[in-house]
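Let the hints inform the model, and build the full structure from the sequences given.
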Amino acid sequence: MTEMKNSPDSNGPLAARDLKKSFGGNRVVDGMSLALGPGEMLGLIGPNGAGKTTMFNLLAGTLASDAGSIHLSGTDVTRTSQQGRCRLGLSRSFQIPKPFSRMTILENVMTAAQNQAGENVLRAMMQPRLVAKQEQANVARARDLIDFVSLSHLEDQPASVLSGGQRKLLELARVLMTQPRVILLDEPAAGVNPALLDLIIDRIAQIHAQGIAVLLIEHNMEMIARLCPRVIVMAAGKLLAEGTPQDVTRRADVIDVYLDGAPA
Amino acid sequence: MEYLAYGAFFLTIAMTYALICLGLNVQWGQTGLFNVGVAAFVGAGAYTSGLFTTPAVVDRLGGFDLPIWVGWIAAALVGGVLSFLVGALTIRMRTDYLAITTFGIAITLQLAFQNLEGLTGGVFGMSFIPRAFGDLQGRSIAFNLSNFALAAAMVFAVYLLLQHLMRSPWGRLLRAVREDETAAQSMGKNPVSLRLQAFVLGGAIMGLAGAVQAHFIGFIAPGNYLPMMTFQVWAMLIVGGSGNNRGAILGAVLVWAIWALSGSIISEIFPADQQARAASLQIVVIGVMLCLILLWRPQGILPEARTSSRHLGKRPDKGPKP
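The listed protein sequences derive, respectively, from chains Y and L.
First residue of the first sequence: 1, per the working numbering; consecutive thereafter.
First residue of the second sequence: 1, per the working numbering; consecutive thereafter.
Because the hints were derived from the structure by calculation, they are not lab data.
Watch out, some of these pointers could steer you wrong.
Computed, partial: chain Y to chain L, Cβ under 7 Å [unchecked claim]:
1) Gln83
2) Cys86
3) Arg92
4) Lys98
5) Phe100
6) Gln114
7) Gln116
8) Gly118
9) Ala124
10) Gln127
11) Gln136
12) Thr178
Below 30 Å or equal to it, Euclidean Cα-Cα: the simulated DSBU-like pairs (lysine-lysine) are [as the list claims (entries may be wrong)]:
13) Y:Lys133 to L:Lys314
14) Y:Lys133 to Y:Lys98
15) Y:Lys98 to Y:Lys20
16) Y:Lys238 to Y:Lys20
17) Y:Lys98 to Y:Lys238
18) Y:Lys98 to L:Lys314
Think of the CB as a built atom: it goes at the ideal place given N, C-alpha and C, for glycine as much as any other residue.
Take a look at the structure:
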């Protein structure tokens with residue numbers, strides 16, 4: 001099944017081949033491959049315990065794979081650290097958002113800016129003009145992104161005041177602040193109220209419209225259907241199916257393992 | 001007038017502790033690095049400055065008779081380099097392991113101060129360390145006040161530098177890493193490098209503080225750099241307010257005042273033959289003070305203040321609510 005459209009082209013924005021990961025004797029990802037085309041929005045679905053988040057962590061570099069390879073825009077990043085992959089243009093959100101709770105929304109977003117001279121202690125001391133110039137540019141960009149995720153009225157509040165959905169939006173702004181070429185979004189709709197869900201879907205669609213490739217893990221099939229022309233289904237650490245959301249949700253094996261016997 | 005001279009003397013010592021405390025605040029208060037070997041970095045700075053600035057001696061190395069300011073710079077550099085070496089080996093460890101390692105290093109260095117006679121003077125220590133404003137030594141008020149002004153100016157300069165750093169992107173990233181390291185890594189940040197920078201900066205300040213102290217007292221010995229010093233500095237930071245540079249300075253003055261006052265009271269109350277044992281009560285007093293602070297005000301007298309980049313400014317217009 002991995003020889004279908006999903007056959008990894010290592011020159012695409014993101015390509016993974018035969019990834020394997022075990023925890024003790026439990027093989028959580030078992031020979032998964034996937035490829036993300038330029039500007040593509042790809043959905044990754046599957047039942048709980050299918051290995052989606054582990055797959056995500058392998059792609060982001062949060063976990064090291066036991067076997068297989070990962071390429072980012074043609075560069076082999078299999079052994080590259082998480083921070084190294086981010087610098088190469090791969091950015092991710094978390095299933096459970098990880099805001100810097102005691103820092104303001106604006107500071108949260110500004111922290112994500114790349115190549116900040118002032119993040120080195122010596123340059124922060126010795127190059128105040130360069131640091132000031134970069135800070136001013138980063139403030140402006142961070143405010144644009146905070147506007148984009150509709151949190152501008154809260155920018156000087158600590159992130160601890162945000163609701164679950166707002167935290168997802170904050171993560172979206174932080175991800176964009178890294179100026180990524182590929183974004184991995186881990187269940188951006190989980191625990192979000194319906195009013196905010198529409199906003200999140202709209203913002204993800206706008207990000208995609210800018211030509212950024214997106215890999216989206218989600219259980220919300222309505223969101224997947226609205227955003228993703230192509231979906232891959234994982235089960236027991238392996239690729240089970242691939243196709244349009246409509247096609248895969250009609251397949252008997254997908255219905256059996258994921259949709260609890262009832263078609264979506 | 002005697003009281004004025006003593007007051008200046010007391011405050012000068014307190015200022016040297018304030019410097020050490022500021023160094024520990026960078027490491028623990030801002031970064032969460034559990035350094036239990038503070039005395040080693042202070043001692044390394046003191047001995048380095050002593051080696052560079054004492055007059056030529058026959059029975060040990062050093063004695064280059066260089067100006068005091070050269071000793072200060074050398075002490076800060078050695079404090080920084082020692083921190084880099086220790087940090088490069090230990091900074092990836094969990095907090096408790098870092099504590100055990102730094103404690104071990106402090107004990108090792110203290111023994112080295114004691115036994116490397118050809119370098120440190122051994123148990124007899126290092127004397128004839130040139131004192132700042134040494135030509136005023138005959139006039140105790142002028143001497144102590146001048147030294148206090150100098151030490152206070154150094155504390156102020158280090159305070160301003162640290163405040164500048166805390167309000168820079170470096171300070172922001174320190175807070176981010178302390179709050180959630182995984183999230184910071186996912187944004188392309190390198191927490192190990194950042195922690196190492198904080199550890200080196202803190203160690204350099206401690207080294208400088210050791211030199212300032214040595215050039216005020218004029219004599220150093222291995223007994224000055226026992227784990228007790230580390231305990232005192234930790235008590236100062238916790239009482240004053242961990243994470244707050246002003247709290248670090250306040251804590252240093254306050255705890256040193258209680259230490260000095262309890263010492264005076266003990267010497268008044270107890271007969272001479274019991275004073276050595278009674279001196280342990282000073283530790284008890286500081287310990288009780290620490291317990292009370294932790295119970296009633298665990299964040300310290302001056303809690304960590306919210307710090308923002310000084311470049312943020314005000315938003316021209318707030319965007320609409322969603």
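- prompt: Can you list which hints this structure breaks, lowest number first?
  reply: As far as the earlier hints go, only 10 is violated by this structure.
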